[in-house]
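Engineer: Chain residues, written in single-letter form:
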Amino acid sequence: MIFSLVAVGILAIATPLLTRWLKARVFWLIALAPAALFGITLAQAPGVLAGTPVTETFPWIPQLGIELSFRMDPLALLLALIVTGVGALVLAYCARYFSDDEPGLGRFAALLLAFAGVMYGLVTSDDVIVMFVFWEATSVLSYLLIGHNTGRKSSRGAALQALTVTTFGGLAMLVGIVMLVMASGTTSITEIVANPVGGTLGQVAIVLVLLGALSKSALVPFHFWLPAAMAAPTPVSAYLHAAAMVKAGIYIIARFAPGYADQPLWQPLLVTIGVLTMLVGGWRAMRQYDLKLILAYGTVSQLGFLTIMLGFGTRDAALAGAALLLAHALYKATLFLVVGIIDHATGTRDWRKLSGLGRRMPVLAVIASIAVASMAGLPPLLGFVAKESVFASLLEATSGGAGQSEFWAWFALVGVVLGSVLTVAYSLRFIWGAFSTKADVGAIQLHNTGFGILTAPLVLSLATIGGGVAAGTVDALVAPYADTLPGPHEQHLALWHGFEPALAISAGVLLLGFVLMRRRRQVARLQAKLPQAVDAGREYVQFMRALDRFAAALTTRIQRGGLPAYLAVIIGVFVLGLGLSAALNRSWPEGVVPWDYAVQPFIALVMGMAAIGAAIAGHRMTAVLLVGVTGYGLVLLFAMGGAPDLALTQALVETLTVVVFVLVLRRLPQQIAARNKAVRKGLRAALGILAGTVMAVIAVIALGAREAASISAELPALAAEAHGKNIVNVMLVDIRAWDTMGEIAVLVAVATGVASLVFISGRAAPVERMEGGGERRNRPVLNSSAVSRQTWLLAGRTLSPQNRSIIIEVLVRLLFHPAIIVSIYLLFVGHNQPGGGFAGGLLAGLALVARYLAGGRYELAEAVPIDAGKLLGTGLLLAVGTALSSMFFGLQVLESSWFEASIPVLGEISIGTSTIFDIGVYLVVFGLVLDILRSLGSEVDRQQEDQEDDEEDAEYARPSTSDTNPAKPNQAEGGSR
Amino acid sequence: MPELIPLMVLIPLIAAALTVIFGRQPRLQVAISSTALTATVAISAVQIALIDQNGPAVVAVGGWAAPWGIALVVDRLSAIMLLISAIMLLGVLIYSIGQGVADRHRETPVSIFHPSYLILSAGVFTTFIAGDLFNLYVGFEVLLASSYVLLTLGGTGERIRAGVTYIIVSLVSSLFFLASIALIYGATGTVNMAQLSVRLGELPADVQLVLHVLLLIGFGIKAAVFPLSFWLPDSYPTAPAPVTAVFAGLLTKVGVYALIRTETVLFAGHDLSALFLVIGSLTMIVGILGALAQADIKRLLSFTLVSHIGYMLFGIGLATTLGLAATIYYVVHHITVQTTLFLTTGLIERTGGATSINRLAGLLKASPLVAILFFIPALNLGGIPPFSGFIGKVGLFMAGAAAPSPLVWIGIAAGAITSLLTLYALTRFWNMAFWRGKGELKGYESVLIESLQEAPEAPDASVAVKTRTVPATMLAVTAGMVALTVALTVFAGPLFGIAERAAEDLKTPAFYIDTVFPGGVQ
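Those protein sequences? They're chains A and B, same order as listed.
Residue numbers for the first sequence follow full-length UniProt numbering, so the first one is 1 and each next one is one higher.
Residue numbers for the second sequence follow full-length UniProt numbering, so the first one is 1 and each next one is one higher.
The following block holds chain B by itself, in its conformation from the complex (with noise of 0.2 Å):
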């Protein structure tokens, strides 16, 4: 059923406009966007099981045949891509709801919210369906705009300041993403990504390597890649732990997708996988680094975002069916568990009262709830067994020892000591946070780094700090994520099964061109 594709975008599109209208009736914009939010689950639920037994699906927008117009392509890697984030636009929605519905008026004003996060869904939905690079840019463009709008929610001093960084930087990464397309309908006269996979490879491979080049650096900067990262860690944090979290969890997530595509259809012929490797190994060590570094969760948590997406550079870099398929498999797990991590961090923020191990303490006895909520997702993302993480980082393992190099080698132990940091930064702060007793709390001031560090107004550690009761529906969401987490490895066979097919369809770029072009391309 190739019709479903296009609702996934004109759904949120459709709600999005409708609580433009009715920006003044909050009850109805709330019911609206999560009308909407549950269709996308629903419809990519269905999706998803279709495409993976009768193959991919293709939209001609329009009734214009591709190249000349805009190809909607869902193969099993895009029904994965938007399967998992439609549940976490979900979750994130109702988080957010049940948040609002606690303390209305205050920095998430409902009129611009919604509208702006089901931009933001239609724009994610985009990026993965788009079979045509400028759509492709679209897609991140309405997702990157709606995100400027979420980030700067409220306009608090801070939020602006990190809302300068992080426009400023999608604009440039837009700018070269922009350029490489230009170029690149300059040297084969197409933007169909089908028709691209052909036509460059025709190209000699020097032009080749300048265009991919180009291209990942636009990429990289949204995928957070080092050393085009540093932007990250100084804007996600500031914003309000349910937008923070959607971010956290898609936004780097996208420009994956990207390096994915760019690696399997558009360049499939022109081989930088060394380059992959290498970069891979650094995003993960630096990034861990600086998680290290952190006094305050919401900041680990950045930095441990930026590490982790080193893993999965390291899969595309392996460029085998395994290692793409563990990579698929991380980023679902990614997806989820920082997703998970950043919503519960919004509870320990409400439970403590502060996000910095400076002011944060007795939380096991405050609440053991979020103490679980806590705990489970942080073993995952320290890679601790049975947990998604550690399934991820297997794959890869075993990825990269089927296909051994010195890189390679190198790019596991870099993972192997990246999954021990992790897990000593996140168990450290569990030390602090959760196990100190609130007496201890006095006086103590760690040796970490606080906050961005230009930022003048330093939090002040005297002010004493407020807590709100967690409302019911805030818990809920959390604790369905944690489990969905769980999921992720009880139900790890099957995931892993339609992770692997979809590497399989990768593997061999001329699926994608047969599907797009039944009839063969020119």
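Chain A extracted, bound-state conformation (with noise of 0.2 Å):
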């Protein structure tokens, strides 16, 4: 079974190629696909019937004991015939129904192959996991299917109504399983039936697992979706939505029932929803004029009918049941493609213009009047044989039996004696509707359709009535199933079982619903006068519609896309989660010192004044230098606190901090834009203080539960081992190297996206220096101070001498280079005194920064003429290397090696693996402060130039000539973003 299944799921993976050749005449090959499987089942009846099912078994998830096992027993026997007979039938029918410029002709091919494929194994596999993927498998197919016709709205709609349809029910079913599946142990299809799952819980699954059973198998309530999927080309009505899919639910309500019939919800839900689906579905399909929806609502009402019979839970029932789902499958199937030749050979399936087909169509007539007839339940049609089997089994029930209710017996036998009138009134309609000759209707012109898309038709009723002559074989076929559930083995389908009471009801039956299609017109008033009992296609629109607005209606609510409501939200989960966490602690410190020295608090009051004071600026200049007053008080605590690195990093970090945002601030408009009202400004302060208070109370809490001794007690000497005394710089140079590793990787990607933003097209380009662009750029500028041959800053004739101070430019001057020395001295010394890579690498960068601020863009490009990738690629290259190379040397990644060494004025010093990492620290930070000079600094200069040489070109109204440096055509572009 899983050879074939996996044979058929190839043939349709090639359909469409296949189908690039041999078109339409694809259909003829792919039918032998279901043709030759139904030779393999039929020849594993004889076993299976005589009680040895067909298994196999292949591993696929064993943690969930999922595995794909396959069943060949009874019931399947009848229904992998049922698939894959019919469904070779319908495929071979389809080689004539489509003509070869069909559109999607290969998809369809593919899907419907695949459709068999997958019914055939939803009903052999064993594992109710691996059945439940067959079960989805079909709503998928089916949604493609109905959507065969893309460009019509109303089948893409109702593919997606049958697919949200079916999966509803589906995932409710899943839910069943999963609970039926844990309480019994385990997937196996077979001991979840033989060791029924009871108590509450079993009640639960099962009626999650029938939901599943009464979507697929369109009953009330979910009958709507079956008609609208008629969208769907009738070969596809035919198979998926008569024959083969909307049994699925069938089967279940079939397989479950050996085990959960007695269960005391079962017997009361099936009977009730499968009378009114059946009277429903009857009632409906009465009023119709599309043929094909007299099918689809007969199809309905027979699926609440096979529903009462299988459900119903006895053996004689289910006899009954098993020989309709049968006889139903090849009239219902026989219906279908008959009206498909109808609708191809005269354009229409409105049987108002269609007359005298009967005369015109003889053979097509006989074959639609045997399935009608079989539908109707005439003699000797195994419509007749099953229908009796169901009046005798029904009648049986109403003496009661063991454990059965009298009650839901004459609730069934009612309910279907009036579903049976429904459907002779109907199937009457039906073939009077498509073959009559109606006065007043015209003839109307038939295409040739060929005698060969008669073959499939003419099967089916052969089977139909050698099913009905030869009921002996079919009851041997189906007898086996019913076996398995409990009640008197008095049934077996015969065509003639005597005069009996069940004949008598078959006799009145067919009387009254030919009185009631003689009486149409009448019925047809009271139709219309009678509401609408169950729509629930509308309510289901209803439904969809009111869940869009429901979604529309709160995502815009929640979803403002507004920054500050989302970190109101985010804030305001802080407070009320760690409020309330804090509010139930009972573990409070015993004691709490308030400060370690006197001027803490006043420097935390500081601090927090600013803090304030940054909030409510209207400045930005002013809101950036209060912040800058937060960091420097940070500053004084680290030092204070007896960490003078820190302190030194800190300071230098908030020094260039504020230079970045004044250099930022250039371009940014003065005012802090002050669109909030007081309202919203009184909540956001009193949410921001209430998470300072917050975090201030959770931190009293867990510093003050502390019982260990913390881990930094044994620094000192692990610095020492690490020929180091400063301890901070071992620490992140050695110990927790692996952390500065990752923040120098961050450097480096804030570095590439201030360049991104700055740039657009990235860094990449040349570094413009003064024999460049810059003369020509400056013109004005540079013929005012020709007169200065001296500078002390080699850029500083580039600047108009308004901008130029003398003084500056002698102290950079003076200052630069001592000032590059020393952090190199601080790169060297960092592992035993104040200082390490992190800070020299600052302190090199605010030399530069000098530089820049004194001398301008080319006053940069002069003094570091290199491009400040080329420093963070190296540094960051430098510092990897490190990591990795020592791992060449047999060590852990970063372990340090040293040299000691003794040179003048640095004094005794041990180079070690870490210094090389140290030195990477250093270009990075280096060559970040370069590139944020270039990109916020240098680069806004220049655009703001360009922008001032465009006013001024503007203004002289000359031709604009090529002004932006070839080498960077996005500048211009990019400066105005």
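Note that these hints are calculated values from the structure, not bench results.
Given the structure is predicted, the values throughout are model-derived calculations rather than measurements.
Cβ atoms here follow ideal geometry from the backbone N, Cα and C, with glycine treated the same way.
Each hint should be verified, as a subset may be incorrect.
Simulated restraints on C-beta separations [to be verified]:
# : chain 1 : residue 1 : chain 2 : residue 2 : range
1 : A       : Val662    : B       : Leu171    : 17 to 25 Å
2 : B       : Gly493    : A       : Thr200    : 32 to 40 Å
3 : A       : Ile10     : B       : Ala42     : 31 to 39 Å
4 : A       : Pro716    : B       : Glu158    : 48 to 56 Å
5 : B       : Thr467    : A       : Leu690    : 49 to 57 Å
6 : A       : Ala686    : B       : Pro204    : 24 to 32 Å
Subject to a maximum C-alpha distance of 20 Å in a straight line, what follows is the list of computed PhoX-like cross-link-like pairs (lysine-lysine) [as the list claims (entries may be wrong)]:
#  : chain 1 : residue 1 : chain 2 : residue 2
7  : B       : Lys438    : A       : Lys153
8  : A       : Lys353    : A       : Lys438
9  : A       : Lys153    : B       : Lys507
10 : A       : Lys23     : B       : Lys438
11 : B       : Lys442    : B       : Lys507
12 : A       : Lys153    : B       : Lys365
13 : B       : Lys365    : B       : Lys442
Taking beta-carbon pairs under 10 Å as the criterion, some of the chain A residues facing chain B (in silico) [to be verified]:
#  : residue
14 : Pro46
15 : Arg560
16 : Gly873
Got two chains here, separate frames each, mind docking them using the hints?
Structural biologist: Take a look at the structure:
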């Protein structure tokens, strides 16, 4: 069975390709696949019916107990025969039904073939999860097949509706299945049925499973999707929506009935829904003008019928139900195919436009009549045999058996009789509508359809006759399944049982049905007067609309697209969550030391005031400077806390940050936009203060809870081991160098990001030095300062005189090189004294800042005529390379080695690989500063100059020459952003 | 072979350094980054085989023993995360190279993209191997810093606006994370995770609650957990398709990974599973309702991303071995399928010239291949069997049914509804974009939400759509990714096997502690 499925799958995948050269003839080829499966199944039949099921197992997900296990037992056999037999015939029919130029033919053929395979898998799989896999696969394939005419809105909508409804049921079923699996400890359907799960859990589970069955088999209240699905091409309707897929739900009912039919909810639920569906479907079928819709509602009705019989729960009812299942598949598929031929020949399916087809298409009329007769329950056809058996078994049940409720037997019997009357009526309506000669309807031009297309319906109707005449064979086929249910073994299928009550009921039903058809005008009037009892289709649409509206309303409400709102939610969650946690806290520290030294609260106060000031500041510059104050406050705290390294680094970072802010602020409006109302401001202030308070409170809780000793006690000893006295630096470049490596990667990323935003196209453009565009661009400046031959700074003359300050130039000139030397000193002594690569790099960066501020962008280019990217890259490479190279010496990653040396001025130092690492850090930090100056400084300068130049050019109304550097075509555009 | 562990970070970083240095040679950059990421895939593949067989590996960086030095720990969970993210990163890289070759100089400048992307990779890998809470933070910072760059690539107004939301929210989450590290260090005197596992457990339960909740808020923002998730659909969709793909696939899952570690290592003894179940259900439902309201496929997918995080929260909240195993499987599934769908969206954007159902139609006719590449992962995300989304879901449901409680049943119901609505939202998009004919497009205006509500320049529907040919590389990579999603089904057995073994390790915190401190911890 696994092999067959794989083979069908491969063939289905190949089908679109085959269709390219076989065109519609491809259907002959692919029909062979289900035909072969039919043959194989038939060959397995004797053994299976004799009581030895065929099984196959292949492991899949053992952790969840899921395995690809298949089991061909009598019930599977019956359905497999229907699925493959009808499948082969429908596929063969398609070869004639479709023309070679049908759009999407290859896709259609592949999907239909895949469906046959999937359906076969569904009925043969024994693992309940695998069964569900096939179950959902049929839903998806049905979706794709209903939507075959993709250009029609109605067919797209019907496809989506069918998918949504059946998947809804499917998911309910999945939950039920999971409950059954977990409760019974196995995924084998055979075992789940053999050892039914009881109790509330079992009942809930089985109702959920039935929910899936109801939605799949289009039972009330899910019946509405099936008539809409008639938008599909007729072969799809014949196969999926009559013979195969809609039987899946019935199959599940039949499958679980032996184990679960005696659960208290089972019979009432299924019989009620079955009767309701049978009546609603039949009633609706009687008012349709579209032949296909008569059949569709008829199918709904018959599915209700099947549900009653197979869900009833006795052996004899199941026997009748199984026979009915077969009969229905045969006649309903035939009738759909007949409608397809009529549609093809006349171009319509509306019987009000059809007249005289009986005379003009006699063979078709005979085939259709046989099928309709079977549907109505006329002898000697299979439908009659099945219906006789239905009446007999229900009559038998009304006398009450062991544990059987007489009420439900009577209810079912009355429902079935009424439903059958309706069935007779709409059967007659169908055959009369399609084939009669109507006086007031003109003849329609017929297209020649050929005789080949009649093959499939002919074979099917022969089977209908055969099933009736050889009722004993059918009995042999379905009885082994029926025997798995409890109840008396009194019934067997036969064409002639003698004069029994059932025969009388049959006759009565036929008579009444005939009367109903004769009185169709009165019936139609009555139907028009009665309100539509159950129209779940409308409810579905309304529900989905309401859901969409609700979703949109909810989403617009919470997803306002505003950062402040999102932040408020986040901070609100923090305040609530931790406020609550803190309120629940009982482990408060016994004593709290308010401050370590007298200045501490004062520093904190200043920082707090600066922070508040920054939040309410109106000018950007003020806000930046106030933020700077909080930073310097931190410097003091570090310094007082005995961490000179941190203080030094923090001071440098803070200074640099202010400079960077100032560079950025040049291009931003001075004022901070104040759009918020006073109320909002108050709320935000309150939230902010609450958040701060909560943070302070939880800090007290957390820090007061310390019991264990800190690992930091060991650090001085470890630092000595690392040849260093400066613990902070040893931590940074050795013990926790892995963190540092990550942090310098952050710096590289940030530098890249700044360059990305400012340069847009990347920082890869060559450094623009003085002898390049500089002189040209600064024509006026250069002319006015031509006198100054000797300058303190190289690029000083590129600045306009108003922008120059000789004192600053001198100072920078004097300080730059010492600063660089000190930065290198800091780098090397860092291991033992305050300093290190980070601080060194920052100091060097600040020196660069000074040169830029004093001398402008050309000065910067002269000071470091290298691409910042090269520095950043080299720095990162050095650091990461150190990490990597130690691995080549058999050491751990980042493990250090040392070389002791005595160097004048610096004294006794030990150069370790960690020093190389630190050089990398230095370079990255320096590169970052350079990159920021290049982007936020020079590039912004240049864009501003460009803008001014452009304005100037516009003023002089000169034709705009190519003013931008050809190497950077995007800059002008970038600058305007 | 523990030596392999640091290589996962060192190789991308060296490559990043080289691509920065060779910023002007795009071809060389392409060669460097693809070589580096191929190497990480190979290493993580070898590593997962070794670790599954021999047990977890630990590296004491610099030879400094934990808890003073940083321990890098790779157990089965880490190995799984490393392998799947390495594959995703490589796939998306090749895809974007394919895209970049086709439209050079557009909104994806190569000299910025490669280093940032490599640093992002290094950051992602760092978080998965961190055995030290502060190092985990560093990993987050590395990946976030580079993600800022990637999100604002090209610097268009829309991206900058999205970037501001993203960056500020991320900074706030980092602030919470950093604060919780400070408080945890304050309360326990260590940041080594194995040692924390012991020491946090020794704290009074109410102090644990404070620290636990604080850490969860930080991670919850990163993992996009309701109600901390609103930022995500407003920031991810604006980036270039491959960037969104990798963000959607990996970044939130890094948050989920951190949540798993929090619940199994750090606070193994402090149970907040009820919270996870409640929040998980809410995340699923609110997220998927958001998806239903979207007209734009990128935004729609971003909402499903948030929604499906709920499944993982549910699994973590079950706090059973099976629950964790299913969660790990679901994480792998979700990384793959979300990445794939965003890559397909890139193809849709090229073939159809738009991403909104107001302007997309006739794609099935235009490109049947793209249609297949969308349909399969869409079904997968919708939880249709036999795809991995279904297997993950069944695993989670089974785990739930094995540990029943009212909250669990609510979670299962929420999961089923979410699955249905995901399928509905995606097939509705399929109906419109793929099935509908181009002729029906005229005058069509859906009632769904088109874009970010505050965006002033709503996309103009009257602008003629520009379609471009799809380079073969992009198609091939997407097809490969779709094949990978299918492989998650075919090899569900072995995959679930290792996920279950990983979950067993996680359920015994002593296992993790013994791995880092074989001789016992003080």
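Engineer: Next step is simple, just say for each hint if it's right about the structure.
Structural biologist: To see whether the hints hold, each was checked on the structure:
1. A:Val662 / B:Leu171: 17 to 25 Å: holds, 21 Å
2. B:Gly493 / A:Thr200: 32 to 40 Å: holds, 33 Å
3. A:Ile10 / B:Ala42: 31 to 39 Å: Distance hint for A:Ile10, B:Ala42 holds at roughly 32 Å.
4. A:Pro716 / B:Glu158: 48 to 56 Å: Hint holds: Cβ distance 53 Å, inside 48 to 56 Å.
5. B:Thr467 / A:Leu690: 49 to 57 Å: Roughly 52 Å apart at Cβ, these two residues keep to the hinted range, so it holds.
6. A:Ala686 / B:Pro204: 24 to 32 Å: Given range 24 to 32 Å: holds, Cβ gap about 31 Å.
7. B:Lys438 / A:Lys153: holds, 12 Å
8. A:Lys353 / A:Lys438: holds, 9 Å
9. A:Lys153 / B:Lys507: violated, 52 Å
10. A:Lys23 / B:Lys438: violated, 26 Å
11. B:Lys442 / B:Lys507: violated, 57 Å
12. A:Lys153 / B:Lys365: Between A:Lys153 and B:Lys365 the Cα gap is close to 16 Å, so the pair holds against 20 Å.
13. B:Lys365 / B:Lys442: holds, 18 Å
14. Pro46: violated, 33 Å
15. Arg560: Check passed: Cβ of A:Arg560 comes within 6 Å of chain B, closer than 10 Å.
16. Gly873: OK, holds: A:Gly873 within 10 Å of chain B, min 3 Å.
Of the numbered hints stated above, those contradicted by the structure are hints 9, 10, 11, 14, listed in ascending order.
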